[in-house]
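Chains as they are written, first to last, in my numbering: chain A, 1 to 290; chain B, 291 to 612; chain C, 613 to 1011.
There's no promise every hint is true.
[Stated by the list, open to error] With a Cα cut of at most 27 Å, we get these calculated DSS-like pairs of lysine-lysine:
{"hint": "1", "chain 1": "C", "residue 1": "Lys732", "chain 2": "C", "residue 2": "Lys682"}
{"hint": "2", "chain 1": "C", "residue 1": "Lys644", "chain 2": "B", "residue 2": "Lys569"}
{"hint": "3", "chain 1": "C", "residue 1": "Lys809", "chain 2": "B", "residue 2": "Lys418"}
Simulated from the structure, these hints should not be mistaken for laboratory data.
As a plain string of letters, each chain reads:
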Amino acid sequence: MQALWHQIFSGIATGGIYASVALALVMIYQATHHVNFAQGEMATFSTYIALALIEAGFPYWLAFLATIIVSFAIGVIIERVLMRPMAEAPVLASVGVFIGLLLIFNSVTGWIFSYSVKAFPSPFPETSQFLGGWASPHEVGATLVTLVVLVLVYGFFRFTKLGLAMRAAAYNPVSSRLVGIRVGWMLALGWGLAAAIGAIAGMMVAPIVFLDPSMMSGILLYAFAGALLGGIDNPLGAVIGGFAVGVIENLAGAYVVGPELKLTLALVIIIAVLIFKPAGIFGRVIVSRV
Amino acid sequence: MARKSLALALLILALALLPPWLLSSYRLFQLTMVVVYAIAILGLDMLTGYTGQISLGHGAFYAAGAYTAAILMASFDVPYWATLPVAAVICFGFGFAFGFPALRLGGLYLALATFGLAIAVPQLLKLKLFEDWTGGVQGIVISKPDPPFGLALSQDQWLYLFTLAVGVLLFLIARNLLRGRIGLAMRAVRDRPVAAEAMGVDIAMLKTRTFALSAMYTGIAGALGAIAVQFVAPDSFSVFVSITLFVGLVVGGVTSLLGAVLGAIFIVFVPNLADQISKAAPGAIYGVILIGFLMLLPAGVASLARRALAPRRAMTNQGETR
Amino acid sequence: MKYLLWAAVLATLGLARAEAGDMPGVSATEIKIGQTMPYSGPASAYGADGRAEVAYFKMINDQGGINGRKINLMSVDDGYSPPKTVEQTRMLVEQEGVSFMFNGLGTPTQTAVQKYLNMKKVPQLFVATGADKWGDYQHFPWTIGYQPSYRVEGQIYAKYVLKTKPDAKVAIIYQNDDFGKDYFNGVKDIFGDKYAKMVAKDISYEVTDPTTDQQVVTLQASGADTLMIFATPKFAAQIIRKVYDINWHPQEFLTNVSISVGAVLKPAGVEKAVGIITGGYIKDSTDPAWANDQGMKDWLAFMDKYMPGADKTDGNYTYGYAVAMTLAHVLKECGNDLSRENIMKQATNIHALEIPVFINGITVNTSPTNFHPLRQLQLARWNGKTWERFGDIIEGNGS
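Construct the complete structure from the given sequences, taking the supplied hints into account.
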């Protein structure tokens, strides 16, 4: 029985990772209606920037802040330089560009920062056997950070004019332009915010899984599963979905399908959700006109 | 126009028949892989180009075809050519089973679901359940076929010609299908789904069948690829295979038979080029070349060919009116 | 003067004949060698091996080459994809006409070309994988491995457990691929029918798993008092930390693939790893024990001059340096007969070759019936600061 509770707790801790990445995915979906396959690699790159700053002597939170700003800038630049000219191109071509970005970020990260595994510092105290060893202080702290980001994102989209304008620009660019929203800049802003949230996720994940250039590749699918489970247009749903996937994964891995099939299980979750509840558990059902 | 593209097709075919007598066996192997990937991309194109559904998981069907061929040859002593129809049937079934639920999803969601499938493939291939057949993590080594009837050809020459023949056959079938009623229905579904449904097209069934057909083509390519490479292992079918096929499709250009060939040439030769440019970060060079192509030719390289043909037609039209 | 001229002419003629005859890839001034490496794709981390080897031969060439010939190591990218390995290997053999293939990386990738190279009688020297199957000299006389096989290492840990703690309850965690499975099989070899009694729980993880926490928690629940960790660096670090954090204190054994202080023990927390036992053969550049070691000093000088800016905590550079040094020895021994037969002959007749970056006493040995160049290990225990070696150098059986 104790083992069962331990698996659940450990699942919640891992779920925190998925929740933070899922939140970044929801963010870019809300702002651009794209799913950026390079999101994970961009976040990893940002995390390396943070590490370089910390190693250069910056205090943690200053490096944290600087990384968010730099990542925001990278996101905006990518939108302006790469996605803008592709605005009129078929969807396929933009997915192709995402894949190109994925390759570039992965390769450049390894080239600049080397492929060997690195430790990434945690801003939270390092006390061992915290909570009976069921979750580390960092895991608890990272979850809190994710929740803070969630509240900020929610507040931003719900209560600010800019947030409303961004949602409008992604949802219906033509009408938005008519009411005077600068759609192009809204998209660039969305890319920037998504990259910044990705960077936060990366910095929270890295102390747990350790930093290497493909740190996010395994996480991304579980995060997708979490985002879809909760509803890809709902930040709160995505976070809950992320935690749920962490727990389901642990319990199924330990008691049901065995560890060989955990990833396949994530795939089954994705497909099952898409079939039975395409909008996710917390998502709004959108009736599309064809 | 039809006559012109027929002439073009014949010219390409004639050119394709030359290499066995001109090129080294290494180059022939590369060209064999080009044909293999062209078939796989053609399969993907049937789905993406003609029904507008994005799949990032066709590596799974490629792997299924490859393993079917390898298992049949290694465990059951089936001759290599006889594995192709089996791979076709199995992949059609696999595609049907996966496509039925998956195709109810919108474009982006399908891309995600199939992407998940692609990531899960190596794990599924390693499953203990099938280990006796699949060789588990070790994979299966198979022998290269000898030319039949005592033909005075090397193994590579024969394999190229065999693959080419299968490829031409599959391209012809695809062309007839896509130009016929089915292709029309597929395009109708892509462009005007409601109208198509009103005309009596069973959209779900059509999409599922298209998915299955697409999986079948890619599966046959996988079987041919396994025979040419003489080896299959879970690591041969990582998510990069699916990504590579998708890249080939996008670079070549959708709804174009020629595009499939051009895309295959891209994915076989450009990685080598990238490696020659930089050992430090070949992946980045490849990514840059890919994005460059997409920015210059968002509709694919084949759109160049289409453009090259179009103005000439316009000119002749002008001449006639004058 | 006249005499010298004649000698030169004769020498050139002799070489020219040999070149046209049975010394493919070899000219009077150069030896062409082929190699496939994962410079892109999922195993890019190992590309460091190839970079170190190319740099090593640049150093050799700067010093005048080997027996008057420059070494041209053509190292190309295969992205860790077997079909690409086949293509690139054929390019090197058929198009570039290399003399032989050297230290190609990866079990699946090298398996894909093994049959081809043996049919063509092209040596496949010192493949960069620890799989046990590379010593099969009867079926594949042109293929030879290099590092101690994972299976033998697994056997050594199992033997040690039987000797020191016969009533141990063992837990095993392994990566679900050829690497992890080989270790797992090694342990099985030794425990034999006692396996069910000795092993409380074995469990695998996938490289795509974000964390291995679930597996560790499951293993702890099995009540084991001994844990064998057959994991690559990132996962090894995660496992060591988690085991400590959940207040579980088994005797841990760790694969020597993951003994890097910089990439495993420091990330995991050096104090959390105290007591771990491993079997090593190569000096870890991040282990302070080697600060004054001449072999490692030379290696550092090489790194500074030929690989400026490279990450010196990355053990792949030490490995690449060692295997390149072994090859340089083989080519030196070949003298002027660089036929493929003689290269293979020299590669399989190495006696007690000392490599300065290997733990003292561990040597490279091959013979026509021993295609496992390295089969010695010395056990070592992590004391919180450095790997403390203990016991004799252990010779594995190979197979």
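Hints, verified against the model:
1. Proposed proximity of Lys732/C and Lys682/C is supported: the alpha carbons are some 25 Å apart, at most 27 Å.
2. For the hint pairing Lys644/C with Lys569/B, the CA-to-CA distance comes to about 18 Å; that is within 27 Å, so the pair holds.
3. With a CA separation close to 22 Å, the supplied pair Lys809/C and Lys418/B stays within the 27 Å bound.
The structure is consistent with each of the numbered hints, conforming to all of them.
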